Amino acid sequence: MLKKLAVVFIALFGMLLAVPTLVPSSAKYFPSWIKPIPLGLDLKGGAQLLLEVDTNVMLKEKNAQLYDEVRSALIDRDKGVIRFSDLHNTADGVILNIRDDGMLSKAKGRLRSVLGNNVDIDSNGKTLTIVYTAKAREEMISDAMSRSIEIVRRRIDALGTKEPSIQSQGGKYILVQLPGVDNPEHIKELIGQTAKMTFHLVNENVTSEQLASNHAPSGTQFLPYMDNPEQMVPVYSRVEVSGDSLKNSEASFDQNNMPVVTTEFDASGARRFAKLTTEHVNERFAIVLDGKVLSAPTIREPIPGGRGQISGGFTLQGAKDLAVLLRSGALPAPLTVIEERTVGAGLGADTIATGKIGSAVGVMFVLVFMLLLYGIFGLVADIVLIVNLLMIVGVSALFGATLTLPGIAGIVLTLGMAVDANILPFERIRDEVKSGASTLRAVDYGFTRSTKTVLDGELTNLICALILFQFGAGPIRGFAVTLSIGVMTTLFTCLLLSRIMIDWYMKGKSKKIGYIRMK
Amino acid sequence: MKLHFMKYRKLSYWVSGICVLLSILSICFKGFNYGIDFSGGIAMEITPTTPEYTVDKMRSDLEAFKPELQSVDNKAVLLRVGLPKGSTDEQLNARVAEIKNILGNRVEYSQVQVVGPKIGGELIRGGILAILVSFVLMSVYIWIQYRGGYAVGSFVSLVLDLILMFGFFSIAGLEFNQTAIAVILMGVGYSINDKVVNYDRIDENIKKYHKMPMTDLIDLSVNEMLYRTIMTSVSTILAMVGIYVFGGQMLQEFAIAMTFSIIMGTLTSIYISNVILYHFNLRETDY
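Protein chains in written order, with my numbering: chain A, 1066 to 1584; chain B, 1482 to 1768.
The shape of chain A in the complex, shown without the other chains (with noise of 0.2 angstroms):
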């Protein structure tokens, strides 16, 4: 009795918790965890961008760091220069020889103590190997995942987008999604930028000939300008501040009402930058955004309070872009967009609609067609098939499982397939009462029968959801999870809540009927 309690309490449970998603009006007398089914892109229309990191660019960015990082540390004068030669990067990391084997143990040494436990230090001979180790490798690279994801959150929320979702996708993708956004074309162009901003000086010892033939003599790189890409700029590769410095950025006018950036630099920011302009005077200095120069003004008189200036023939938009750029902070690897779906709002309401009524009458086709078949016991098997429904509804709801456009036609399906769990005791009950059992006995022998069967069709089904969610990406990872609410409330509803309703339907009848009409 207990137990037949509970199955009814957990079926109208069940189909209570569908009843904000079915009358979303209803959905402020319920608690908070009680919400309408999230509805996926393509029902509510929106964009959705999957975005790939590629951290190779990173890993390499961090080799040359370790190579600076060793260099400096053997040519320490404090501590005594080690000699070495032949250093240079390897794909993952850096090599050289040592010049002398006395010292070897001791640039060991001295290597660890200022590397730390990141690198593998490995020697052969004269030559030593530093790499990082793998540990350490998977730690910049999560860590590079979650920054991006941090300052892509930040650019889309300078553009003001409503309930954006931005979710890390195996490893190395983030997926953003963009409700209500119908022409992504603008976050995608925000994302796609690096915006690592530095600052150089102009290295003016450069011939034209040199700039010509495009030999940079060592230490200085020859950069195009943003809006003039054939002119080409000379600039030291040390980097004099960098926009990690900054503190914040806005679009403005200058005199000549232009649209131009001004920065703020923070503390120590401000300082560098004003020993730079204090040191540098009449000298130019380069703004490079991404490998490009965006201007190279001279240095008039020194610029101590931390505040710039920087033009370079934006547009309004131009400006107010690379503000919030800068604002956000570069990315720590460069971001590709390598999938994009949009559904304008339109369609997605039309989808609804016709999903709506589409599944609708296909459950109706069902629910008749088992009328028709076993009469009574069709009546309860629609019943049962009703609950599931609502039950499949009420529990995703409850797990915020999204319901996208295969979802719906997933759901139709379990339940086409659920009447397969009804049918298969009924068949039963059916053979029982024709070999002449008594119908109490045959409902029971029929439900008890068939339990295994039912079990074992129903497990190996969940068997191939779960895999679907395991290996999937997108919509379908969404129906697999549908699908296995599906095994699971037609579980419930078939094995245990139609027996118990036949039973309570067969109670009161005289054992003499033996026989039901099934047909």
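Please keep in mind that the hints were generated in silico from the structure rather than gathered at the bench. In this text, all values refer to a predicted model and were calculated from it rather than measured experimentally. Glycine included, every Cβ here is placed at the ideal spot set by N, Cα and C. All clues given are correct.
To spell it out: a stretch of chain A is covered by chain B in this simulated footprint if at least three of its residues, at any positions, have a beta carbon under 8 angstroms from a beta carbon of chain B; those stretches are: (1) 1394–1408; (2) 1482–1489; (3) 1519–1532.
With the C-beta cut set under 10 angstroms, the calculated list includes, among others, these residues of chain B facing chain A: (4) Ala1578; (5) Val1595; (6) Leu1666; (7) Asp1675; (8) Met1712; (9) Val1715.
Take the given structure of chain A and dock chain B to it, following the hints.
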């Protein structure tokens, strides 16, 4: 009424063999109508804001991109642009921006899908892996619950199902995309359920009738389950008919493919997966 499936099992094998051959030939020579999910590229559903902007004008505007344009319901236009070999994600994104730039305000975008060159390969690998892993796991489950012979039987018929479903997608020219993978896996799920239910009865009858010859026993079991097998698939197909007729264009291909896989799963359950058990000695306790 009793149907003799075992008597005609050679015919079943021949028919299946021919269908498998046709499927493989179609897959090899005709191939699949890959959606951009797999091939990469751009697919847009756009609606001109003015009636003057016709498909022909669009075609000439976008000539440089060699687009495929197709008008739907006299209103919306499907625009597809393939991905030239060796192009990068950046180039693809630049193309999208350029196309949107050219079309400008003259169209509204109902749907835009852009899939880069790398992601398609990952989807194919993921899909195939998913299918294979699910086959193995489901067979293992059957092995544990029943006996090795059943596991082998279901595995063989699942592979048959799979080849026929891929063949169907190829022959019918249905778009092969992420949803197609889902449909195939769902078809597999439906089919395995069918097979398990039938095997369950065979297993029960083996325990019940110790002396009955295997051919008669399988025939008996299949006949006992025949009504249920057919009714379940009719009911599921009815649900798909509802979706096909009223569910709108986007769900139609789904409903067609699903209906095919239900019919096929039912047929292979009746004619193959049960019949094939004859070749395994299921009466041996240890297999």
